[in-house]
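Quick mapping for you: the protein sequence lines, in order, are chains A and B. Using this note's numbering, read the first sequence as starting at 4 and increasing by one per residue. Using this note's numbering, read the second sequence as starting at 3 and increasing by one per residue.
Since the hints were derived computationally from the structure, they do not count as laboratory data. Check the hints yourself; a few may be wrong.
Some chain A residues close to chain B (C-beta under 8 Å, calculated; not the full set) [to be verified]:
# : residue
1 : Phe-83
2 : Arg-343
3 : Ala-425
For each residue, glycine too, the CB sits at the ideal point set by N, CA and C.
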Amino acid sequence: MAVTTSKKPGKRRGNMRPLFDGSEWTFELIRKVHDVMGEIALGELGLDIYPNQIEVITAEQMLDSYSSIGMPLMYRHWSFGKRFARDEAYYKRGMRSLAYELVINSDPCISYVMEENSMTMQALVIAHAAYGHNHFFKNNYQFQLWTQPDHIIDYLGFAKSYVAECEERYGQDAVETTLDAAHALMNQGVSRDLRPRPRNVAKREQEKAARRRAHEEATYDDIYRTLPEITKERATEPPEAQNEQRRLGLPEENLLYFLEKNAPKLEDWQRELLRIVRLLSQYFYPQRQTKMMNEGCATFVHYVIMNRLYERGQLTDGTMLEFLHSHSSVIFQPSFNDRRFSGLNPYALGFAMMNDIRRICTEPTQEDREWFPELAGSGDWMEALRQAWAQFRDESFVLQYLSPKLIRDFRLFAVGDDAKEAAMEVKAIHDEQGYKDVRRRLARHYDVSTQDPDLQVTDADLSGSRRLVLTHRVRNGVLLDKTEAERTLQYLAQLWGYRVKLIEQDVEGNRVLKEHEALPMP
Amino acid sequence: MQIVDRRLNPKAKSLGNRQRFLRRAKGEIREAIKDSLRSRKIAETESAEKVTIRSKSLREPSFSLGRNSGTRDYVLPGNEQYKVGDEIPKPQGGAGGRGSQGSPDGEGQDDFTFTLTKDEFLDLFFDDLKLPNLIKVKLKDLKAPRLVRAGFTSDGPPARLNRTRTMRRSLGRRMALRRPSEAEVKRLEQELAAAEAETPPDPKRIAELRSRLEHKQRLRRSIAYIDPIDLAYNRFDRVPKPTTQAVMFCLMDASASMTEPLKDLAKRFFMLLHVFLTRYYREVHIVFIRHTSTAAEVDEETFFRGTETGGTVISTALEEMLKVMRDRYSPADWNIYAAQASDGDNFHDDMPHCLELLNEQLLPVCQYFAYIETAHGERFNDTVETPVWHGYTEVAQRRRNFAMRRVASPEDIFPVFHELFSADAAAA
């Protein structure tokens, strides 16, 4: 299935000289192309970006970055080595090619480009990452709310040296065990509804950790070891469950946060490790929520910029053909019954939606006027797009902007799958009755909070049995994957130090569907 | 905007992660190596190894929604024929053709394949054989490099300038750019002189000749005779310095009493010897000779796989070895190593002949002759001496380049080489 783009590339008619010809790139050329694109991106499109930092790397370094979830700095852990070994094997066998670029939500915005790229690809990458993603990172409310791009590199530096220091002090095994457990709970390390405190700078973190340790070492005195630890206050307080619950802030959805603050047996450095993993998870949360929009925005921006350059005469015909070739393979969307199908391509859908918004603004049909009365014919498509990029995430974006025309173009249809039935049922297709339904279901598919299981800490007994209880609120009868859940629960028990119970109950909370339990291994 | 060139940053940034990863999966990788040894050729012992492991200790579990309960829905692209209410039969193993999420058994983990480097492989391989650490280091130590011709380059020290190449390029360039030759200029000068000497002088012709001459001279000045782009230098590559060449004879009893596990043990032994030899010699040839009551040179596959019926006469193998040596591997040119594996049986009357062959003809020309007697653990008993063991004991006492060992499991193999290496270390 081919999704046609509404806008044909313009004619090369400008009288400016081409910026480059041939495939060799140089640092000067990259700089020149970057600056010229800036005229278009900032001047004509009105994008607003962090200053750019473009770094040229080799394929091996790209693999390196892949394995450390795309970050330039990362603490050491075997799972990154595993990822590297796997990606390397795929790459060497030619089963997977590397991305042309990698971009980091930081200030200045760091984009990695590969030395193997041709000049055309470098230009494409600069337009895509250094302008497209960069603008999205800086302006989307999710990123503004959750991430502090000016601190992330510093913080990773801190995390790396802190983990290394812990390995030295407490041994690789102990650190590994804690990190394994923390990684297992990473997806439950996000506070979805709270706005996090402004994150501390690396320096403050370091000082805090050092203070903590210094205090410990200064106050450590073997003589006092025999003294009872319990303070008077706590001992006399009646064990009132209600009070305890409130004190612990239950229910709590952020498992890592809860453990960091309340797990009875953890050492301070282990709490710090949990915190590192939790903050990373929080940092990546907006990226999970806006994957499709982010790619759509970047793809749209590179498409517009490259076409403008071509129109101005600054790209040769050959360059344009090379660009269009790779652009069209990026936005290729195979049908569901195609062997190559692996879900909706975020580049394809994102790009198509951006283009569609442009079309609705400039050449609306009667249908568009009914569906998007505010948008249709408003003319200033760039303003409309900038607004959409700033104020939405994938879920709300689809809900707001997916037009009937796109549903028809993609021939989207919704199927319902009941685990008990032998067949799936088609619920809605691209017709008058189906548009709204398809749109609603697709939006829900992009809602990260419905894709992750809804888990909360609901009870913790700190004075008696010290048992921890988690509750999984089961939506639509979908239970947790049993083996995975049990293995993860084992990690959780390891961190908590005592018995842990996981109850799966229906949303109303009156029927227990399944229970799991785990005890920490001695 | 800032551009940073990171290409020269230190490589292998993820080395620390890799080490942690290997440490984590060590047990499973070792198992995988053991399996792979069976299918591996002796000469390939050292090549980088692709290892597939069941990644039990590499699991990274997380809470995720199962696929066997409840209801969910998907939005898919590319609808061609479906209408609302149509039913689509479920594909096997996952709903909606959505990736390869579930696997039928509860384990739910794919096999994990990756490539070990040579060093990593050797580390793990030797780990099992209980090699002392010191020797491991020595084994991986490469020989001093030797320079080997490797084409030409445009840059290099003057001593490496390749004159022939340089001049050839220079000539081609001069011809292409039409640089006037010296003879051409001389001829013009003579013509000019002749024209000037003429009476009466023809000013037009003199002027014309003069301008032509000037033009040629200008060309000669501006087009260099040898330009930097003509320069060609010999290029050299560094390759590990070869000591010389060696041949390794693998002798094995092929009678039915050598069972598969015994052969596996023997194979480990041969492999180890090969690894050792490739450390010291650039070229190592392997000759496989198996014997029953007759001996024959065979290929590796037949050597380890085939079984034959018949008695056991070891001297036939030794004779075959002598014959191959005479035909192809003269002791003057080759270092000769021999490794013999057997379960200790031999036709009784054959022993004296064997010992004679060994003492008189083979041991004097062999660098080293190693004999291992493979046996199942329970059959191992020091009080029972097999005929071969009994016979060879005497040889071992007299000859320094003869070693023998009984082997019941892989860790017994290494001590056989101990002598070889301590001798070598002393010599070095």
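Okay, the hints, checked on the actual structure:
no., hint, in the structure
1, Phe-83, "holds, 4 Å"
2, Arg-343, "violated, 11 Å"
3, Ala-425, "holds, 7 Å"
Hint violations for this structure: number 2 only, all remaining hints satisfied.
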